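Which chain is which? The protein sequence lines are V and A, in order.
Counting from 0, one number per residue, gives the positions in the first sequence under numbering that gives the first Met the number 0.
Counting from 0, one number per residue, gives the positions in the second sequence under numbering that gives the first Met the number 0.
Heads up, a few of these hints could be off.
[As the list claims (entries may be wrong)] Here are the simulated lysine to any residue pairs, SDA-like style, with alpha carbons at most 20 Å apart:
hint, chain 1, residue 1, chain 2, residue 2
1, V, K589, V, L576
2, V, K569, V, C599
3, A, K37, V, E128
4, V, K153, V, A213
5, V, K653, A, R254
6, A, K260, A, G232
7, A, K37, V, C599
8, V, K653, A, K37
9, V, K653, A, V172
It is worth saying that the hints were derived from the structure and are not from the lab.
It should be emphasised that the depicted structure is a prediction, and the values quoted were computed from it without experimental measurement.
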Amino acid sequence: MPKDHGIGASPKRREDVRFLTGKGQYTDDINLHGQTYVHFLRSDVAHGIIKSIDTSAAENMPGVVRIFTGADFEGVGGLPCGWQITDRHGQPMQEPGHPVLARGKVRHVGDPIAAIIAETKEQARDAAEAIELDIEELPAVVDMVSALAPDAPKVHDELTSNLCYDWGFVEENKAAVDEAFEKAAHVTTLELINNRLVANPMEPRVAVGDYNQANDESTLYTTSQNPHVIRLLMGAFVLGIPEHKLRVVAPDVGGGFGTKIFHYAEEAFVTFASRQIRRPVKWTSTRSEAFMSDAHGRDHKTKIELALDADNNFMAIRTDTYANMGAYLSTFAPSVPTWLHGTLMAGNYKTPLIYVNVKAVFTNTVPVDAYRGAGRPEATFQLERLVDKAARELGVDPIALRRQNFITQFPYATPVAVEYDTGDYIATMDRMEEIMDLSGFEARRKASEAKGKWRGLGVNCYIEACGIAPSNLVGQLGARAGLYDAATVRVNATGSISVMVGAHSHGQGHETTFPQVIAEMIGIDESQVDIVHGDSSKIPFGMGTYGSRSLAVCGSAMVRAAEKVIRKAKKIAAHLLEASEADIELKDGKFSVAGTDKECAWGDVTLAAYVPHNYPLEDIEPGLEETAFYDPANFTYPSGAYACEVEVDPETGKVTIEKFAAADDFGNVVNPMIVEGQVHGGIAQGIGQALLEAAVYDENGQLQSASYMDYAMPRADDVPFYIVDHSCCTPCTHNPLGVKGCGEAGAIGSPPAVVNAVIDALASGGKNVPHIDMPLTPHRVWKAINQ
Amino acid sequence: MYAFDVTRPKTVAEAVAALSGDEAQALGGGQTLIPTLKQRLAAPATLVSLSAIDEMKGVCADGGTLTIGGGTTHATVAAEASAYPALAALAANIGDPAVRSRGTIGGSLANNDPSACYPSAALASGATIVTNNREIAADDYFQGLFTTALNEGEIITAVKFPVPEKANYQKFVQPASRFSLVGVFVAKYADGVRVAVTGASENGVFRWKEAEAALSANFSADAVEGLTASADGLINDLHGDAEYRAHLIKVMTKRAVAAAK
Ligand SMILES: Cc1cc2nc3c(=O)[nH]c(=O)nc-3n(C[C@H](O)[C@H](O)[C@H](O)COP(=O)(O)OP(=O)(O)OC[C@H]3O[C@@H](n4cnc5c(N)ncnc54)[C@H](O)[C@@H]3O)c2cc1C
């Protein structure tokens, strides 16, 4: 019998009631008294010198309140980067300034040059058209490899080149890796591109700045995945506002997918400008602006090689990657191709030697940063395409080759720094074969053939590293922040509970799942528990939600705080029941004395805590509220095996996904329905990357796919009915719930399955094509068939 | 958007009068025009909405001709053009439900987007575009990218389609916009076959005359097999090069012939 409450049950998402009835409170729903609107005048060239900006005519336009340009930010900080990479030679990365409004030069299409504040949005736009701008266009750097040519134009004149860093990992392994390649019986090489993506959350970014002169406090309402991080970065590094005078609120947020982690210029601008003009300032991104100002994702160009011995055992992996940083360093950009990518190159395999080289490059494009999976999809894609290619070259079954090389002993220390605590890759592979009905594939292939279609099967594994931690380690790796989280469990007098959590829910369903955990621990009804999130003035602290960390990190903090609450409640119960604390048991919301029929209810104890008439005041304080900070001992390592079957129409190159199965190991699962939803969404995004999505720049740095007319998002009919399963469970060994995180798995695990399937389909049609770069559009597949 | 006035006349005559005003522009379903205004790419002083003009709405089959009012939405055509099933199916595949509930045949033909669907049906059917003051044969109407025979202020009040013996529209969608990357409309009449191609050419919708000749002699997919559509003047973009489009013209033509009913 599935559980109907607590951990393991699937109550419906309680937040959906307000979302589906239009009652959500998003940032754009916030409108303040006296509010003004800002419109950003953005660069329409990729690279140029700002010769002059004349705002005089615009300033006299109707409704204009004030116009700001880069010159108004003299003495104001730039947008900080939150991660410093040390290169192969022990040198820090090149870190250019990132002004709130462009100064001297514009560096990508969409770079904000001036900000026009007016009484209405349309007035601000009208005035923007009256600004006289003289920009001397410079040649743009778009392609990463040519950006590193000695004579390439420089994105940042103050840097020595367009190279942000040249990172080697693990540098000490390099010679041994090269040697293994010398000795290899077979070497498989693959060159590929991990396509640049635009996250496109349904809700575009919005920011409202509100300065209160009465108490000298600033409030920023913003579409963020991590309001406290924004408070820290903006307060300390950009505007110099101490935390106690700065409140950051991220109310309902309509999807983030990584791109709402970062601290953006528009947020700093509205906060700054509100202090200057003493009125609230609001900015709502249009979809067109989102394409040229939200940080993009992926954009790697890689050569990867696998050395195998004569028995097809993996001996070594060597990779060479160019990673696009765009024009400026977005908040966590440098960490994505390095610590979130290089550390994953072992995948599910016991390859003893690995060397990863990454060159991060500045170009005249929108900054690139974390996008669902962040570095891990790039690693998984390379590796799982490579293993498939090796199997094809060697003429062996790709599943058998994987199984032969699986890691089977845990804990397992990889040659790329991380240690997997648990996993069972054979079990997830077995489960995938079962739910996919792999044995029926040949029959399905024949049926497709009879219709004139080529059917292919693609399989892959993945390993993920979630809840990046511990803080002292990430500090050594260059993080300029801790990666713990915090929660306060506030028990009210009548026994209801508010939990203030540092995680932020923007689609994940925390409002449903977090109360399930508390309800389970105490034995009360979930309806008695609410979470509070997204407001720096209401929650103790928090590093927010990304990297599939919420339950594993913040959920652990919440459990620790709840444990403290329960310990104290037991003391109170012991007093009320006149028993020894050690004999008190808490079950189903009742405290009882072991071996007796003496008991009292949860509510009796909570009431006593707040009305302490009969209470051990000499031993404990009144009240029942506890806070915990939790800093994990290690990452968590979800893993899984995915399979995809496609049909290719050989006449047009069109690919359709016929069947998709995902067997995941997420450790313990709190709400299976929500976990399945997360996997569905992740796979949809992975299919989007594999078949449809691409942010394409022309050689002048103009974004050609700058709207939905040219940027293809997956629609309902692009995705199949998924078969998902998470019954394989090896609980995480180092967090209290034994949970691993499930938010990114689908996006990490699915692209290689899709591409492997298309390559297999072409092979079944007699076309041996080694690789096709994503997205596998009909045009590209047709070209591959006919080359 | 820039500020503008809106009028909503009840008759074609009133609309024509309103359109003679300074910088007045007709508004059909707004599915093309409103996004254009939002991007500030057009600045009409007055929008003359055609949506309240009853005489411009509806589908009517009479003898061998299907007449569709210029203000009829795609959704209505999809539901009511059963006398011309290929046309109803085309309308049912334009955009999404919201687009189909607002967008109109008159707006689509007036706009003449090189990737739009209706122009191929009108050209392949040898339709007649009826305006407030004349009738224009489809062969004379389409004059290149976003260009038509319409004069300033002229309103498409109806489109008359001769109903073919058999027809079919094959739309190979551009993955992002889901307009046609290549769309081919084949219509077979007693006096011959007409094949119109949309989505492919830098000059907008055109007739593939070789295929028409071959199919008029032998209406079967095989008849097209030996032909090659020329890649000259075809669109090269992110979603497909000219060579691919040329290839798709042939594939879609064959499929349309095979599916024609
Ligand atoms: C998301 C989306 C998807 C779409 N997908 C497709 C698709 O797959 N295939 C396709 O063919 N189209 C597609 N369209 C376009 C759609 O069909 C539009 O409705 C159509 O192109 C314009 O018709 P409208 O009535 O909306 O015209 P409007 O946008 O109102 O006007 C367009 C132009 O025509 C003029 N005009 C309007 N009505 C008349 C008239 N009766 N006489 C003279 N001039 C007139 C206007 O002045 C304007 O210049 C799509 C649109 C959207 C937004």
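Next item on the list: Would you pick out the hints that fail for this structure and give their numbers low to high?
Entry: 4, 6, 7, 8
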